[in-house]
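Here is what each chain is made of, one letter per residue.
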Amino acid sequence: MVLGKNDSEREQAITIESDEQSAGVPASGELEGNAYNPLGNAGINHWQASYVTHASLDERNNIFFAAVQMTRMPMVVCDPNQPDTPIVFANKAFLDLTQYTEEETLGRNCRFLQGEQTDQNTIAEIRTALKENRAVAVDILNYKADGTPFWNALFMGPVSDQNGKLLYWFASQMDITERRLTENSFRQAQKMEAIGQLTAGLAHDFNNLLQIITGNLELAGQYAHAHPTLSQAIANAQQAAERGGKLTQQLLAFARKQRLEPKRINLNSLIVDFSEMLVRTLGESVDLRLDLKPGLPSCTLDPTHMEMALLNVLINARDAMPGGGKVTVATALMNDSERSGVHQLPPGAYVVICIIDEGVGMTPEVARRATEPFFTTKMPGTGLGLAMVHGFVQQSNGRLEIDSHLDKGTAVRMIFPVTLERAGASLHNVPTSKPDAQTILLVEDSDDVRQVTEKYLRSQGYIVLSTHSGEEALQLLDQHKKVDLLFTDIIMPGGMNGLVLADRVKQRIPDIPVLLATGYTEELANQNVNTSLCILNKPYRGHELTERINALLKPDKASF
Amino acid sequence: MQHILVVDDDTQIAALFESFLEASGYRVTVAHDGFAALQADAENAVDAIVTDLSMPGMNGRELIDRLRERRSDLPAIIVSGFPCNDDLDSVNKIVVFMKPVRLAQLVQRLQDLLADTQTAQNLTA
Ligand SMILES: Cc1cc2nc3c(=O)[nH]c(=O)nc-3n(C[C@H](O)[C@H](O)[C@H](O)COP(=O)(O)O)c2cc1C
Ligand SMILES: Nc1ncnc2c1ncn2[C@@H]1O[C@H](COP(=O)(O)OP(=O)(O)OP(=O)(O)O)[C@@H](O)[C@H]1O
Ligand SMILES: [Mg+2]
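Same order as they appear, the protein sequences are chains Y and V.
Taking this note's numbering, I'd label the letters of the first sequence as residues 3 to 562.
Taking this note's numbering, I'd label the letters of the second sequence as residues 426 to 550.
For the record, the hints were derived by calculation from the structure and aren't laboratory data.
Do not rely on the hints blindly, as some may be mistaken.
Only pairs whose alpha carbons sit at most 30 angstroms apart, straight line, appear in this in silico BS3-like list of lysine-lysine [what the hints assert, rightly or not]: (1) Y:265 x V:518; (2) V:518 x Y:167; (3) Y:380 x Y:483.
Not the full set, but computed from the structure, chain Y residues with beta-carbon under 10 angstroms of chain V [stated by the list, open to error]: (4) 68; (5) 70; (6) 72; (7) 211; (8) 213; (9) 216; (10) 217; (11) 220; (12) 239; (13) 241; (14) 242; (15) 246; (16) 404; (17) 458; (18) 486; (19) 549.
Backbone N, C-alpha and C define an ideal beta-carbon position, used for all residues, glycine too.
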């Protein structure tokens, strides 16, 4: 901490500026403390201390007095020769800043601006400067007349007579609240970014190591069938490696580098579908309530990561209520631009999902740091839960907000942009009308295979509705009620698989013939597949396909 | 026997994929960088490629692009230690797995891709 010069140092200072009536010690670039500096530089010319020949406060007839009353910089003068150094002059800007009247100000020590959260160390710094007769600059938390806190960039310096006897203390103040807040959040953002890059690099190396470990365990497992103990040991090691994998996933999630597969989803349905799992995880002591806004529009989000985020926030809510209690998961629509402004989002429509608990809440310090990776108050806790949620929400163009009150509870809000409605699925698939032609619903995630198959089936006289996913297939089915056969791939990564799709389609059209295709026959054994299903092995040839389809469409002439 | 090109600058990972794929009935050629991989394919054309993403010299995407100049429908899988969010799957027809990947799952997907490519060839023929 650098303070202004004290008396003896000042005597040695060579450059005392003076005119007839006053003199001063220029700051010469010396900082009076590490507080906010309104000059944008260290300051060369302004006086840190001054000497006057006229001690009177009564001369108020000159341009300098007018200047002091006109400036927007708050200023006060206090008299250290009176008990407790009261204010003997406060300019108009000081009254504007503090919102006190002149009567409420004069005659009082400036400490009436301080309050509950004012830092005692900062006050001690001022005390030292006063004792040693040095200039000082500090950022100090003060309160206005109505109790509003503000950050005050305070500068003060001594005023003496020609003989060096202390006459007054001069001070200027400035409200730097906004700057402090943006600086804080900027610093926090920078810190998060740096940690993010570090973690992402680490996660990459870790994943490579985990690949070697899990892969070799998998390999070893294949040779260990005959040894139950060995198999068990391998399985245990594998489980641990999988946990390691989850951890690196979370690190990457925080670094906003995870692989997301955003889909158009409705948050209400996601919550309802997931609620059973949530209730099971949260246990009996937590009373989970849903308050879902009907008719909520869709968003584009990775559903699995959304579920993970929800789970993380809810587990925190559970942990915050050791004795149990109520947790509400609510959804809402946010439409007006004014409110999006408040949340620092561009104007537009947003979906809000809010998780409210009545738990122990957080102190402002904990709430501020809650999304920091590895920040935890739990034993044991990784401190990655909210870091992951934060990363996910950001990567999904949304915003995470935490409102918490100690002993009252916490509300965690995730805000996501609404996805605009688009026209119904693949209009280009509208069939050409040929009254007796039969319609095949073709579902295949490989574009190449789908395109050639579609072309081939058309050439065979079928009407073809085609799509790359089970979800869209169901939409198509709802639009074109007349479908005579479902031909679907079984393995469609990242979405509904062909078996599930077949079930769903059969719920709508119970006796619809279904033909399944797969290039991986062993998969069927694992999936517990009903052997009565018709399966066409890939790679297939055109005539094989038509034979199977014909057989299914005319079961009486079955040829297989 | 189908011929698979495995490319990873980490020799232990390349060796791991090699032994698992061989155990699953494939013929495997290993390369540790993109240039060696191109060379290997020129000498003995492969039916599919399984490659790392970030490698010195040439990354996995560029390698796949170059190989597909030779055979545009070459099945390709990237196994990356780093998530890549480009939609490689639907646009570039590259399947992406993140490490650590279950080897059985990798092989299953590979088999699926090979079957798809063969089916497409059958139906266009
Ligand atoms: C001229 C002058 C102006 C001051 N202005 C402020 C101020 O704006 N805000 C503040 O918190 N303290 C201000 N102080 C400091 C307090 O008045 C007081 O000196 C400080 O709290 C340390 O003393 P204490 O420990 O007796 O309270 C000022 C002091 C002087 C002499
Ligand atoms: N609903 C809540 N109520 C009170 N405090 C909370 C709540 N949610 C988070 N916190 C605080 O934020 C901290 C960080 O949460 P985060 O989910 O990131 O990690 P964690 O819960 O401590 O660890 P982990 O998620 O690995 O169990 C918690 O330790 C807790 O102090
Ligand atoms: Mg947590």
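Interface restraint verdict for residue 246 of chain Y against chain V (beta-carbon cut-off 10 angstroms): At 8 angstroms from the nearest chain V Cβ, residue 246 of chain Y passes the 10 angstroms test, so the hint holds.
Hint check: 10 angstroms Cβ-Cβ cutoff, residue 213 of chain Y to chain V: holds (4 angstroms)
Hinted contact residue 404 of chain Y with chain V - closest CB pair below 10 angstroms: violated (26 angstroms)
Pair hint residue 518 of chain V and residue 167 of chain Y, alpha-carbon separation not exceeding 30 angstroms: Roughly 85 angstroms separates the two Cα atoms, so the pair is violated.
Supplied contact hint for residue 242 of chain Y, tested at 10 angstroms Cβ to chain V: This interface hint is violated because 12 angstroms lies over the 10 angstroms limit.
Residue 68 of chain Y as chain V interface residue, shortest Cβ-Cβ below 10 angstroms: violated (63 angstroms)
Residue 72 of chain Y as an interface hint toward chain V, with CB separation required under 10 angstroms: Since the shortest Cβ distance to chain V is 57 angstroms, the answer is violated.
Evaluation of the interface hint that places residue 486 of chain Y against chain V, nearest CB under 10 angstroms: violated (21 angstroms)
Interface restraint verdict for residue 70 of chain Y against chain V (beta-carbon cut-off 10 angstroms): Hint on residue 70 of chain Y: violated, closest Cβ of chain V at ~60 angstroms, above 10 angstroms.
Closest C-beta approach of residue 458 of chain Y to chain V relative to 10 angstroms, hint status: holds (5 angstroms)
Restraint satisfaction for residue 211 of chain Y [CB to CB of chain V, less than 10 angstroms]: holds (9 angstroms)
Straight-line alpha-carbon gap residue 265 of chain Y to residue 518 of chain V, limit 30 angstroms: holds (18 angstroms)
Figure legend: structure checked against the earlier numbered hints; hints not met, in rising order: 2, 3, 4, 5, 6, 12, 13, 14, 16, 18 and 19.
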